[in-house]
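These are the residues of each chain, in order.
There are 2 protein chains.
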Amino acid sequence: MDVKVNGPDEAPRASGRTVDGPTNPMVTPLLTDLYQFTMAYAYWKAGKNQERAVFDLYFRKSPFGGEYTVFAGLEECIKFIANFRLSEDEISFIRQSLPGSNENDFFDYLRGLDCSEVEVYAVPEGTVVFPKVPLMRIDGPIAVVQLLETPLLNLVNYASLVATNAARHRFVSGKSKLLLEFGLRRAQGPDGAIGASKYCYMGGFDATSNVAAGKLFGIPIRGTHSHAFVSSFMSLDEIVEKSLGSSDGSTNCEDFVSLVQRWLSKIQWSNSLGGTFGETNQSELAAFTSYALAFPNSFLALVDTYDVIRSGIPNFCAVALALNDLGYKAVGIRLDSGDLAYLSCEARKFFCHVEKEFGVLGFGKMNITASNDLNEETIDALNKQGHEVDAFGIGTYLVTCYSQAALGCVFKLVEINNQPRIKLSEDVSKVSIPCKKRCYRLYGKEGYPLVDIMTGENEPSPKVGERILCRHPFNESKRAYVVPQKVEELLKCYWPGSSDKTREELPSLKDTRHRCINQLEQMRPDHMRRLNPTPYKVSVSTKLYDFIHFLWLNEAPVGELQ
Amino acid sequence: MDVKVNGPDEAPRASGRTVDGPTNPMVTPLLTDLYQFTMAYAYWKAGKNQERAVFDLYFRKSPFGGEYTVFAGLEECIKFIANFRLSEDEISFIRQSLPGSNENDFFDYLRGLDCSEVEVYAVPEGTVVFPKVPLMRIDGPIAVVQLLETPLLNLVNYASLVATNAARHRFVSGKSKLLLEFGLRRAQGPDGAIGASKYCYMGGFDATSNVAAGKLFGIPIRGTHSHAFVSSFMSLDEIVEKSLGSSDGSTNCEDFVSLVQRWLSKIQWSNSLGGTFGETNQSELAAFTSYALAFPNSFLALVDTYDVIRSGIPNFCAVALALNDLGYKAVGIRLDSGDLAYLSCEARKFFCHVEKEFGVLGFGKMNITASNDLNEETIDALNKQGHEVDAFGIGTYLVTCYSQAALGCVFKLVEINNQPRIKLSEDVSKVSIPCKKRCYRLYGKEGYPLVDIMTGENEPSPKVGERILCRHPFNESKRAYVVPQKVEELLKCYWPGSSDKTREELPSLKDTRHRCINQLEQMRPDHMRRLNPTPYKVSVSTKLYDFIHFLWLNEAPVGELQ
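Taken in sequence, the protein lines are chains Y and R.
Residues in the first sequence are numbered consecutively from 1, following this note's numbering.
Residues in the second sequence are numbered consecutively from 1, following this note's numbering.
Among the hints, erroneous ones may be present.
[Unchecked claim] Far from chain R, some chain Y residues (derived; all Cβ distances over 12 Å): (1) 42; (2) 65; (3) 124; (4) 143; (5) 174; (6) 175; (7) 226; (8) 269; (9) 345; (10) 400; (11) 409; (12) 476; (13) 549.
[As the list claims (entries may be wrong)] To be clear about the criterion: a stretch of chain R counts as covered by chain Y if any three or more of its residues have a C-beta under 8 Å from a C-beta of chain Y, and this derived list gives those stretches: (14) 200-211; (15) 239-248.
None of these hints come from the bench; they were simulated from the model.
These figures come from a predicted structure and were not determined experimentally.
Note that the Cβ used here is the ideal one computed from N, Cα and C, for glycine as well.
So here's chain Y without its partners, still in its complex pose (with noise of 0.2 Å):
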């Protein structure tokens, strides 16, 4: 084994900071691409290493067919670059990587590498964002943070593509479902779950199945049983200890399985209830019942393993009327097959009819939860034809991104030794916005953003009530006037480097969700629709649009028609 632990009992490694190191302790210098440390090396053979370079962490569009992103992952990347550092045998280990030999100074140089001449400026971890816009400004001697690169982006892309897909999953929903995330045995290995939970949480999620995240988050976690809880029961003969204490401990059922049997024959001969079942599955209603015995408060059950309708729902009654004697309230059921919209009708249907049959005030109000392979489009299909669930707990299509397993973040270089550079392409969209920049947000009237801007690093910043020309970065014709009633900087420093400016702390995860719930909700509703959302527009100042189309025309080869 072969990994280093960043634990909190670690010395901080820059600034006099103590920060802790990544969650994954797997997350080191090394996990970054090969020829960061071959460029390294080359820069370091040419004198180039402490060239002060500027690099932009930015994507080009927004995932799942949307106009908006939720920017996600910044805290585990100041946490790596805090206490960025290779260790002896990292260093031996690139020593035997890199192609033919190569100096030994150079290996002293990377003993010495920490982050501590690095300054990182970036949008707050939960922000919605749009594409373009730098979401992390990286400036500091070009090796390291080349060296930087590659973690970076891997620590930012699935982060924020996942909360972004768990905002969009809220937004389907409804604010006032209650959403779980079940991905953990779908996701793409250990800490693609871990991640899962912690970003869907960030992005709007109430609680997750994963108790690792749930311990390393403080995320609040749910579960209660699965179908071979219900397949390992054969008959109530299997129950040997019935007994049951009521809520209040007043008084003590001596045989919790008659109760549950007697309620089972009320409500096989009752009038509203009766004749749409006969036998119900006696495994089934023997799992129930231990279930029951086991968590009286907190009774939900599978309801789907043998027979909705025939077997689950009226198994489920008996056990929840049967904890109602006893001053226990029952939560609910779990749908995990079939046709959720009528299921759950027909099980809301049937929970009333119990509330009225038996005078159990409340019962119908018993909590239905839906689990089977769910994502965007199915919840939206179950919105439109009517469904009677409360919660949702969705798993692989949330977790793995299935609609768009990645997101393109990039990691541009805008500038070196302060000559601003520009990356050119075939494909306008590819072509980068050179400059060291600030980003601003310029709210409108009603309180809604209305555009992006940035601008060069030292030209005024935009003013309230001030009108000013907002342009396409690179259609000359696109072009608006804009008077902002309230302007955002968007970038603040996360990491001073050797800057005496003020590091912003990072919030707590609860924090952050919180902020992201508050900037999803302050958006213009057309930017958040799935379908056809209006574009947000970013934009450029005017002197930065000359800029670009000046250093563009420069560096371009003419060519030759022949």
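Fit chain R to the known structure of chain Y by using the hints.
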């Protein structure tokens, strides 16, 4: 930081054998769904926790529209099982996470829990596998086996998915191409990336860019430089240290920069090469020259930062020819954008012209690597167009398994207390195959695998030369006689628990890769093709068939049409 590290220095946990912990220290017994713990408590409360249960881990459909899957992830599963034990810290977290107040003795039970009573049979890692056949069969006390469910699924699902994806990329690329995994920056989290590197190598890739994966698993690593490296140079004046000794150390070139410039003008003025380009980009030339000075033995240049034909290739050739003067052999170029078929052919032509014009033997065979958002389809399209690419660098689509981001392995109870169990479903493909089973692969005359067959545990095994009826598990009319020329038992003992069976050793990654490549090669080609592959047959013995249908009728409720 809350992560338990199972290093090689820790004591073995079960069966007196030492097995290292999982590669990712975040893989702990808490990396499971909460419901596994609530069920464990309910089993324990009901006195059922020690009941002996058998679970099968299998999938229902091969991914990517194909008819085969590569089984991967077993080594990590066994490492997890071998070290399965809850720490005090983990137990106290479970205590606070379970709903209601739970009996103290349960936590003592958890304290003593390990996998010493669990038996694991599995198909060897790297085997080509098919739907419905168990990849793993876990036999043990029901409570502990269910705790294993989620982590085992997590460790197998993505591993098998990405290994299969790698195998498919190898298949379409052909045996002779060098395949490089470049997915770290776009993978789903840090070990989405590390896992991808491991399992792509297993599935037939040659190397990765991921340094950490190289160190952890001994996978060859590759990488040279990025666009940023090229953009970071402004002109040749930046190169201060210009001398380069010859390959054999016999001479020293004082001004390698001038040598490069002389070659560039020779190329420009040559009859066969000149005229296709004018002034090449000087930042690029400076970057290439610098890189060659750092790595004269392994010069490979990214040639598409400005213009492949008019700048990148002539610049590369100038540096490569200068290196050649000093006895070094350049490696080649990388193309990362544009029309890869066209550009690779043009590059090859240019190299061949250089070889001829300047008499540099072998220059025409210069390596061409391509790496821009490649996947099975684009490689297939390149093959159809004709190209001169020698190596493919594949990232996003490979590691995120973009065309199908999840494999749906499930974990189903097939027996408890020696009683076979079946899980029914309205969808026949979701009905589980009951009983503790044995599984065989039967080979035909031509040496190809013909069919997999499952039997009850105590049935006699199929014999070479003896006719056996293989039946579709659910479709009465689908059956065939087979006279196997070779019979291979698929499930082997990887964790004997308290039994005295011999444990299969975990092979090295290289050996598993070797097995995988052999397995893929020995399949009948029509099962492997990309479009409309022939399904491989998976069957059961007549005895098992009869038993399945007896149980099915027993369990299924009889409907009433109204």
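Checking against the hints above, which ones are violated?
-> Numbers 1, 4, 7, 10 and 11 - these are the hints that the structure violates, sorted from lowest upward.
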